[in-house]
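S.K.: Here is what each chain is made of, one letter per residue.
2 protein chains.
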Amino acid sequence: MTDRLYIYDTTLRDGQQTQGVQFSTPEKIRIAEALDALGVDYIEGGWPGANPTDSAFFDARPDTNARFTAFGMTKRAGRSAENDDVLAAVMNAGTPAVCLVGKTHDFHVTTALGIALEDNLDNIRASVAHVVAQGREALFDAEHFFDGWKANRAYALECLKAALDADARWIVLCDTNGGTLPAEVGHITADAIAAGIPGDRLGIHCHNDTENAVACSLAAIDAGARQIQGTLNGLGERCGNANLTTLIPTLLLKEPYASRYDTGITHDALQGLTRISRQLDDILNRVPLRQAPYVGASAFAHKAGLHASAILKDPSTYEHVDPALVGNARIVPMSNQAGQSNLRRRLAEAGITVARDDPALARILDIVKEREAQGYTYDSAQASFELLARGELGQLPEFFEVKRYKVTVERRKNKYNRMVSLSEAVVVVKVDGEKKLSVSESLDEAGSDRGPVNALSRALAKDLGRYSDLIADMRLVDFKVRITQGGTDAVTRVIIDSEDGAGRRWSTVGVSPNIVDASFDALTDAIVWKLLRETTS
Amino acid sequence: MTDRLYIYDTTLRDGQQTQGVQFSTPEKIRIAEALDALGVDYIEGGWPGANPTDSAFFDARPDTNARFTAFGMTKRAGRSAENDDVLAAVMNAGTPAVCLVGKTHDFHVTTALGIALEDNLDNIRASVAHVVAQGREALFDAEHFFDGWKANRAYALECLKAALDADARWIVLCDTNGGTLPAEVGHITADAIAAGIPGDRLGIHCHNDTENAVACSLAAIDAGARQIQGTLNGLGERCGNANLTTLIPTLLLKEPYASRYDTGITHDALQGLTRISRQLDDILNRVPLRQAPYVGASAFAHKAGLHASAILKDPSTYEHVDPALVGNARIVPMSNQAGQSNLRRRLAEAGITVARDDPALARILDIVKEREAQGYTYDSAQASFELLARGELGQLPEFFEVKRYKVTVERRKNKYNRMVSLSEAVVVVKVDGEKKLSVSESLDEAGSDRGPVNALSRALAKDLGRYSDLIADMRLVDFKVRITQGGTDAVTRVIIDSEDGAGRRWSTVGVSPNIVDASFDALTDAIVWKLLRETTS
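Going down the list, the protein sequences come from chains P and D.
Numbering-wise (full-length UniProt numbering), the first sequence opens with residue 1 and increments by one.
Numbering-wise (full-length UniProt numbering), the second sequence opens with residue 1 and increments by one.
Check before you lean on any hint, since a few could be wrong.
You can't tell identical chains apart in this list, so a pair holds if it fits in one copy or across any two.
Unchecked claim - Calculated pairs, DSS-like style, for lysine-lysine (alpha carbon to alpha carbon, straight line, at most 25 Å):
#, residue 1, residue 2
1, Lys480, Lys254
2, Lys430, Lys462
3, Lys369, Lys413
4, Lys430, Lys406
5, Lys430, Lys415
6, Lys435, Lys480
Keep in mind the hints are simulated off the structure, nothing from the lab.
These figures come from a predicted structure and were not determined experimentally.
Chain P extracted, bound-state conformation (with noise of 0.2 Å):
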């Protein structure tokens, strides 16, 4: 007998609390998107009303398993919860489930909102009541809860009452402030479940702010709630929110959950993990963090010589769960047999098949841990990698040379006096033995210029001669730039995302300290990269 336990994601509301993150409409949607695929319960989406992007993504929502959530408060005291212009933004969004947060320490009552301490139970009750009078499912966020109830019980328990007496589905206790440690989490939720909540209908949203946010949530589950909120890769109001993307695996994969309950989220679903944090970084221009739980690139990397002879002999000496079980990898890093079979690995997923003593095998190693250091990033550009050991292999042929280039960006003021600028870009290639030049600005439909990366694209892309034609559906979808440390010197990376009409995406990478060059050299990759496949497929 396993008990159903429901997984609430707010990384598109509270995770937009993070600092420097403002997700656009399309990435909301894209995110989305993975949540549904991984299986979560509700995706809150935003707050709408209070923000444009919000109000946006609520009307392009994507069609979903999951349960769309829109984000409010209780209503204001003095007016009905019909008249509340804030409440009613948020219903117009017309989701099928709402969550509203609403006061419940003495203190915050009075001083933040100024109002009586019955009104503030009025609110709940009138706001709630409300959302379940409109046909949706109505949750309450408990904001402050623990503290409020470290100051004054009674009260703190009565405003929990009061939403649940108006029906709410759910009664989120919410530690606001992420100060409470989780013993406290612990025995304050059972003491909300003794005094008359049910544990079934009781919700839990931790913060980390003493790093404890997973481990609160876990003690309140354990405490018998049944509902935990939290973000993918922990994103959230300072220091974040309880981290989905270790809660997840902890639940499915370790006892005594794993047995205990199902969150609806499969096994099959789980492996996708890895890929789908890496892809939020992505969105957000993030470098991933090595040491994630899980999902990490070195979550499964054994350094210690000790470990990682043991290891070789049985992977659960120093593992507690298999690396596989949620789509990441183990990492050996001072084993040199486990380098080679890794590169195989890789090389056979870009189609190459190198035999096992091959000794190109240890000389495409060492270029890519020099080039590495220099700065490049072969996990993150699959083609540059197989273009590099094609190369390295004698399986790359040459379709053209770069003699050279010259690119230019010229700002002044226009005929109207307005300020605008232009790119120019000429590009000399040596096709078939024979020399083209290339010219092209960079302005785009609406007469905007798009910059000297873009000029030089489309210079190189003009005369390739009889490989125009095999590269003219492909378009550059991203351009994700980097500062990094290349030997002693910061250069810069840059991973330029190629597709074309076939469907094929691919990324490549170049490293220079110049951002042109670097950008040239990404561009002139993604180019063979595509050459390749449209001639020896």
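Keeping the supplied structure of chain P fixed, place chain D upon it in accordance with the hints.
M.R.: Showing chain D alone in chain P's frame:
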């Protein structure tokens, strides 16, 4: 009555197991000095003999109040402790304390060591006795203790007793694979105490593979253990060790720990914690983790509008501790979700006082919202925000006007037939009514080209008339680029971090479809902000 709780730091040993981390001897000395200033009880310096840097460090180790500890392993079977050369190298480091790791999990004894269970008990007993006989303090690291207890409780406890009988001062329960959850750590630690191992001789050593290392350490203390092992910033093998940078402030500032225990660390020293954490990142050339509890740059950042307005009334509304206690500071960043009170606070921090009813407030908020929709982000570019606000308030002098610029990047073969690049920029500015043309290349001392942004930056700074001297001490320290959505089109967002001789550090932002334009705007803001500081202070 407070109990003494001992803090054992293993940054220099287990912390060095982090993928990519390799401390030099001078770096180890700097870290040891910082740990000693903080006031930890033990500094584990490394494994003498296993690693040349570790041996050199023990020879050169500084004088500290903290007890230096050498790490090693129990003697191997088939020889005496006196005749084990690995153990001898550890003893030869001459430290007052020696910590030896040994097996306690029957599966590891038979699989990894391949010896009889009784022989392993002998190894523990004889090795600890040898350390004690030499007049050193002996610690025993009980490897895989929690997994061992679950597999064969009697044997795991026998291993602890062997160390206790041989007079180990501390017996440290290690969750080597990091897979044990807090509740288990609590009840297994309690069981060890019930079985006769005194709590005041028990230590705890946790790893973060389920993001519970801090919670597991606290659970062991709650059960009666009195020594905590961990690392600064949670460095360590795989997902890292228990993070002392989080545990120390929790033990000093949070109940029940603050009144129950004395860690020997003073509140004065605690105020150096943020600095020590950043210093370690500096040594490792890592970007400090913004979301780190207590010490992260975002740990006390309040982005939500509702939070920001309450913080103005009373910081305890959304902070579990005062940031000053750990040497950190509160941030109320600008963002899409910020209200007017947040805005006034940000302006006050920049030294700008605005009346509550000034209509410029609403105007500034509108501009910020509009710009953020275009792709700007002012919470990571406070200096650009200040300039925007001052401009709107009529408090921004026009130091200079950029009339036009032109930058060229050329890549071609040099006379040695190697591809080389050269960037050159021309900038035309008007200063004090006078037009000035400057030109600059971007070759560094080594003769390599640093690219178009560098060339523009040099040309712009070259001749600003009477302002040139004022900006002579500023330099660009970081340059971040991402592609983001500006309205319907992809645009480039550039954030530049600058620094000057007075130790100021500021960030500016530029957005454009053209990366060079975006960079130039961020660069111009950086210079204008610096001029503002130099001319108004």
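S.K.: Each of the hints needs a verdict: does it hold here or not?
M.R.: Status of the hints after comparison with the structure:
1. Lys480 to Lys254: For Lys480 and Lys254, neither the intra-copy (37 Å) nor the inter-copy (40 Å) Cα distance is at most 25 Å.
2. Lys430 to Lys462: Within one copy, since 13 Å is at most 25 Å while 39 Å is not.
3. Lys369 to Lys413: neither (48 Å within a copy, 27 Å between copies)
4. Lys430 to Lys406: Answer is within: at 16 Å inside a copy they meet the 25 Å cutoff, but 28 Å across does not.
5. Lys430 to Lys415: Cα proximity of Lys430 and Lys415: across copies only (19 Å, versus 39 Å in one copy).
6. Lys435 to Lys480: neither (31 Å within a copy, 37 Å between copies)
Violation of the numbered hints given earlier is confined to hints 1, 3 and 6; the remaining hints are satisfied by the structure.
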